[in-house]
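Going down the list, the sequences are from chains L and Y.
Take the first sequence: its position 82, counting from 1, is numbered 82 in the UniProt record's numbering, and each next residue is one higher.
Take the second sequence: its position 308, counting from 1, is numbered 308 in the UniProt record's numbering, and each next residue is one higher.
Note that these hints are calculated values from the structure, not bench results.
Beta carbons are placed, not taken as given, at the ideal position from N, Cα and C, and that holds for glycine.
Each hint should be verified, as a subset may be incorrect.
To be verified - Per label pair, the in silico range of CB-to-CB distance:
(1) Y:LEU12 with L:GLN126: 27 to 35 Å
(2) Y:ARG127 with L:ALA186: 17 to 25 Å
(3) Y:VAL79 with L:GLU165: 50 to 58 Å
(4) Y:ALA100 with L:ASP177: 46 to 54 Å
(5) L:PRO112 with Y:LEU161: 46 to 54 Å
(6) Y:GLY122 with L:GLU165: 35 to 43 Å
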Amino acid sequence: MHGLINRAIELFLRDTYGQEAWDEIARRADLAPPEFEAMLDYPDALTVDVLAQAAQLLDKPEAEILEDIGTYLVSHPTAEALRRLLRFSGADFTDFLHSLDDLPARARLAVPQLKLPPVALTDHGQQMFSVTVGRREAAGFAFGHVLLGLLRAMADDYGALVLLEHKGCRDGVETIDVQLLEAAFATGRSFVLGAAG
Amino acid sequence: MRPGAIETLGALLDVLCPMHLIVDAMGRITHAGPTATKVLDTKALTGRDFFDLFEVRRPRLDPGVPGLRAAAGRRLHFVLRGPADTELKGVAVPFPEDRALGPPGGVIVDLSFGIGVIEAVGRHDLRSADFAVTDLAVEMLYLAEAKSVVTDAWQKLNQRLQGAKAVAEQEAYTDTLTGLLNRRALEPMMRRLIASGQEFALMHLDLDYFKSVNDTLGHAAGDHVLRHVAQILRQEIRDGDTVIRVGGDEFVLMIAERTSDAELSRLGGRLIRRLEAPVAFNGEVARISGSIGTTRSSTYAKPRLAVMMDDADLALYAAKQAGRGCHVAFRPGLRNAVEMRSVGAVPPV
Chain L
1 MHGLINRAIE LFLRDTYGQE AWDEIARRAD LAPPEFEAML DYPDALTVDV LAQAAQLLDK
61 PEAEILEDIG TYLVSHPTAE ALRRLLRFSG ADFTDFLHSL DDLPARARLA VPQLKLPPVA
121 LTDHGQQMFS VTVGRREAAG FAFGHVLLGL LRAMADDYGA LVLLEHKGCR DGVETIDVQL
181 LEAAFATGRS FVLGAAG
Chain Y
1 MRPGAIETLG ALLDVLCPMH LIVDAMGRIT HAGPTATKVL DTKALTGRDF FDLFEVRRPR
61 LDPGVPGLRA AAGRRLHFVL RGPADTELKG VAVPFPEDRA LGPPGGVIVD LSFGIGVIEA
121 VGRHDLRSAD FAVTDLAVEM LYLAEAKSVV TDAWQKLNQR LQGAKAVAEQ EAYTDTLTGL
181 LNRRALEPMM RRLIASGQEF ALMHLDLDYF KSVNDTLGHA AGDHVLRHVA QILRQEIRDG
241 DTVIRVGGDE FVLMIAERTS DAELSRLGGR LIRRLEAPVA FNGEVARISG SIGTTRSSTY
301 AKPRLAVMMD DADLALYAAK QAGRGCHVAF RPGLRNAVEM RSVGAVPPV
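Just chain Y, with the same shape it has in the complex (with noise of 0.2 Å):
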């Protein structure tokens, strides 16, 4: 072996390898490159059992050095013992025998972080001069801080767009008159309702001279009527009970409690009874009166809301034709009695 052959090779690999260690047959540590003595942050290095330091995860490798040897150029995994675990990939080449470069028996083992670079650059405080200059780790940083970055304002602008959909929907659903829902949030509510398995009646209330308080007071009337109406409403009904305006003197309500006979009979009374207090509107005073249809999801095997409406919508006729202001529940004989009447029945107002 030429004098100085072996610092000279040490030399140049710390330029081509930073994180290189040249050990020995017997398994010690004669030189470190730069970044390998950082990462490793070992007092007197030099001498150090290589085995001591790293694990050879795999491949399975014969033990000691020998292993090593035997695996030249191959792809090895390793982890730096300690309290992180730190994992590394790796190559060893053997020195050859000739002793041309440095004492026969010994390796050179290359190291690199892999994917786990962007972990050990915050641990072990890496700069860029500590990659070598080919090493495409500071580009792959660039790249994972550039995705995050680009990432972050993608979702920033999913938030907003989810926002303003939320907005446009709640927009689509309200009747800009009464803040009620509309016609349009009828499905889905019904839907919602009969997912949740919990019994439930539609009420159909439409109501009555309504007509008239439009063509004798103006429309100015009429929309105070409904607004009104409106309030009463949305001061009747309790939590998880819906009320929609269907129409533009119709609502439905759909009741999630207090669904007995009794209950939305009484329910029913009410409502009638606040619609019908005198409603005063610039001087002029507006009287309406409104006919309810009901219906109960228990009457179903399976509720739907095309029939339950028309059945809510056919009790509401009952209620008309018995003379407006009351209220009617649906029962199964209900249709054969109206269409008996309807001849000659006063058609609905």
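If we strip away everything but chain L, and leave its shape as in the complex, we get (with noise of 0.2 Å):
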């Protein structure tokens, strides 16, 4: 598993439950030193390992803290260099969600060696769609729970109100299904094009 996952999954639980949390959980995981690279690659058993050990000493379901990680992603100060470059995709929510198919592509122009499994949208009409995930061979985890944590950040983000469900996941392909209740309910955050640089 490429480490800039690992190291989000790192970042997500050191800042939401401290220092000691994480390097409790780094030495029930065997990682040692106990952090990831963000730049370098670790074998995909480990970051299974890390996000069961996190299941278990949080006492919290796995989905739980992957969804919760997919928010985190969107809306922690650390990741703002990832918000904005999700919003690149679309000037709009709407716009966001029918960029989706594109997210992996996206992500594979910035790191070549990111590999997210498929993502595909279908627009049922009446602001329904449904979002499937594609597992990734072996990844061992389920980036469906990540992309809702991060589609419910996105609409907060873009000042969205939506509904999200996760369907679960069958031949192992997962569903969401969105429900855009108001495209325009809050103001969202700013994006300005060129801000980074």
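Dock chain to chain to rebuild the complex, using the hints, since each chain is given by itself in its own frame.
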């Protein structure tokens, strides 16, 4: 698993549950030194183990942790760069939904080694959508839950009001239902194209 | 011309290429796309002379609108006159002569920032909606930003690795018992000194009676004595000098200044006196001394580590033969003297 994913998991756990909790999770997962390098590659089993140890230590379902990671990636100041990169995908939330299919390609464009499972949006009309997430071979964790948290936070970021529901996993494919109640429900966070330069 | 044709055309172009301008035969701007209007930020844009606002930099064209018309379809380089001197790429297409679309003699100019889009976005506060839907500018901005994020991550990793490498090297060159440099540092330090071109002296110090301290008082006492010796050596050298523990009870000093025979002899004598001072350890007293062989870089046309070490060794051997606890400076005749006396001589301790 790419270090960026592992590093995101680590930063989320540290920022949310504290250094001690992270150290304990890292110790239980035999991660020494207890940190991931964003630009190095790690065995998939290690990521799976870190998530399992976190779920056990924090006494939370893994799906919930994954969803929180998705939200963290958009809303936490540590991940501001990623939020900006995601905002390039669309001028509003509807636009963003329609560009979800491009997400893995966009990720690859930024970091060629970063491989995300295929994502596809189906438009059912009347502001109802579903997003399917194909399980990457031996990825070992349900990326759909991360995407759900990420979508929730991106809706907030755009100021859209949405209902999201993870419909489970069939034949290795996860499905998320998206109901867009109001595209411009609140003032979203600002996004200026050239701000980071 | 059908009434309203030019307005209809303008409205279509506003969506397809929002940074276009429609210019009449006289060079006056008659319509500007929304992004062009935003970028030019000029009051009463309609009616302004195109060439007041833009300079055609490349290729070289005939002046005025006829020049633009003649360059139909070619890649044009404009400069937007003003403090920023913004460079723009563009293409011109002449209106057809049959008046179907607009007054003959006019031209449509479509503009783009090209590679300068990254700066332009900040300067003109451009949004995604300011670019045509098919324009890849926003993707390019995404890529530029992604690149800087990723480069940053690489750089941080490199800095951490660089730091770790420095620590590892430091550790690799350090003798853990005394904190002095170890044998591995001998060659690089020597190479550095030789490369610097300055004169220096190589002192080879071998402790005397150290083995008996180890044998009678134990290794803990021996270690204590070695740390004590290291402290003396550190105190006696100056900045720019180097002390290396090259073996169990052997040390090499590289002295960068003070390289006259008299100075070296004084330093050697002082070192030996201090080494001979009794060292207390756990209620016992350890006594050692030291023999020193010295050679100077100025003795050689081209100083080399192996030769200098060999000669310093020889001088050290001579010091041992002379009864230990003394300092001998290498001289070319020394080799014969030592070899002649070596039959039945006392082996070095």
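Numbers of unmet hints, in rising order
5
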